[in-house]
Each structure stands twice: as C-alpha cells, then as structure tokens.
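*Asks:* As given, the protein sequences belong to chains A and C, one line each in that order.
Sequential numbering from 1 applies to the first sequence in the working numbering.
Sequential numbering from 1001 applies to the second sequence in the working numbering.
Note that these hints are calculated values from the structure, not bench results.
Among the hints, erroneous ones may be present.
Now the stretches of chain A that chain C is said to cover, found in silico as 3 or more residues with beta-carbon under 8 Å [to be verified]:
hint, region
1, 49-61
2, 90-102
3, 105-111
Calculated cross-link-like contacts (lysine-lysine; reagent style DSBU-like; alpha-carbon spacing at most 30 Å) [stated by the list, open to error]:
hint, chain 1, residue 1, chain 2, residue 2
4, C, Lys1056, A, Lys41
5, A, Lys20, A, Lys55
6, A, Lys66, A, Lys14
7, C, Lys1052, A, Lys20
8, A, Lys55, A, Lys66
9, C, Lys1052, C, Lys1068
10, A, Lys66, A, Lys20
11, C, Lys1060, A, Lys14
12, A, Lys64, A, Lys14
13, A, Lys41, C, Lys1060
14, A, Lys66, A, Lys41
15, A, Lys41, A, Lys20
C-beta atoms are modelled at their ideal positions from N, C-alpha and C, and glycine is treated no differently.
So you can see what is in the structure, the chains are spelled out below.
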Amino acid sequence: GAVVSQHPSWVICKSGTSVKIECRSLDFQATTMFWYRQFPKQSLMLMATSNEGSKATYEQGVEKDKFLINHASLTLSTLTVTSAHPEDSSFYICSAPSVYNEQFFGPGTRLTVL
Amino acid sequence: GNSVTQMEGPVTLSEEAFLTINCTYTATGYPSLFWYVQYPGEGLQLLLKATKADDKGSNKGFEATYRKETTSFHLEKGSVQVSDSAVYFCALRGSSSGSARQLTFGSGTQLTVLP
C-alpha cells in the first residue's frame, strides 16, 4: 500500500521554542492531509486539514497561530508547533488519503516539551 | 454529527482465546466503517473495512460485519495471538461531501494477549 512518512519520529525541545514536523506521501500525491493529536491512552483527535495551495482548515478549539500548517507541495505538509509548552507534549500523527479515499497514516512524531 | 462508541479497555486475554471488541456508531447516511490497529510507538494501520451494510471486512483472522440495523461494527477474532497485542480503533468516514475524507475515531481499546 501507499506510504506516509513523518520526520522526526521524536523530538525533545525546551519550552518556548518552535518545532517543525514533516509529513510526506512517498509514492502518491495528496492534495489533502490530516493532522491528529493523540494523548496517552486516548484516541486521535483531528486538529486540522491541510490543503495544498490554500489555507488549512482547523478544528474547533485548535489555535491556528500556535499550530502552523503549510502544505508546500502535493507530497509534503508541515506542522509547526510555535512557542511550545509542556502541555503541547503529545503524539502527532498525519494521514493522507489516496485517490481511492483510503487513509494512510504516518508513524507519528512524539513531541516532548521540557 | 458523527460519533463512534467503542468498548472500553483494557482487554486481557490468554493466547487462543476468542476476541470481541464492540463498536457502535452514529452517522447520517451511509458511512464507511474501519478498524485500525496501533502497535506501541507506531502510527495506525488499516486492519479491515466495510463500505456498505452487511459487508464483512476481514484480515489476518479478524472480522467485522457492517450492521446497519444495530449501527454496529464489532471486531472479532477466533483465536488471538501474543502478536495481536495492540490498541484497536474503530472509525467511520461520513458519506456527505463535506466529510468525505475525514475519519471519526472511537476511543481505542487496548488488547493484551498473554502467552
């Protein structure tokens, strides 16, 4: 099946710094990608829909100025957590739908903010 | 809106035991239904799916049948293995154009299989 990669797989940063997470579709093009956040032992919560060539669509309660999304090309979306704080520590997962609408998930990025 | 209610875990079974994880949903129209599996430290992998009523999805010995009359999509496996230990998520994708690609997830069920 299709492959979605994420980089980095884990990152530790100091409070107040910004962290960029990349999501790539390796063998297919994705005009849309989804960003999820997963807290320990909890489900995935959709944060935003990344749209190639236009602004991202954020879910209610998600701060767009804090979680910057850029869908630079048909195979790359980035999520930047700006001025990170310990409460932003979480597992961030992206997904991309194929032309058949099947979702392929990245392996996730574990962010720890000290 | 759409929602998925999943059996709470954790579930602990002995190897070769029978597994059922209940999942019910609320949605308008005719959603597609999915089971995803997440191994420790990894992202989600599609386990099986069903796109219309009475469809049965199956993979790796797991099965789930799309029951529209009971709005359910329960996951079953006749004989679990230690390697099945993971978190299982039930999910749906709505049929309306606005939510055509978006998934709604259940809370996840942690399964531990003991040797």
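*Asks:* All hints are to be evaluated individually against the structure, with a verdict given for each.
*Replies:* Each hint tested on the structure:
no. : hint                    : verdict
1   : 49-61                   : violated (count 1)
2   : 90-102                  : holds (count 5)
3   : 105-111                 : holds (count 5)
4   : Lys1056/C <-> Lys41/A   : 28 Å, holds
5   : Lys20/A <-> Lys55/A     : 17 Å, holds
6   : Lys66/A <-> Lys14/A     : 16 Å, holds
7   : Lys1052/C <-> Lys20/A   : 39 Å, violated
8   : Lys55/A <-> Lys66/A     : 15 Å, holds
9   : Lys1052/C <-> Lys1068/C : 9 Å, holds
10  : Lys66/A <-> Lys20/A     : 12 Å, holds
11  : Lys1060/C <-> Lys14/A   : 43 Å, violated
12  : Lys64/A <-> Lys14/A     : 21 Å, holds
13  : Lys41/A <-> Lys1060/C   : 24 Å, holds
14  : Lys66/A <-> Lys41/A     : 24 Å, holds
15  : Lys41/A <-> Lys20/A     : 24 Å, holds
Comparing the model with each earlier hint shows violations of hints 1, 7 and 11; every other hint is respected.
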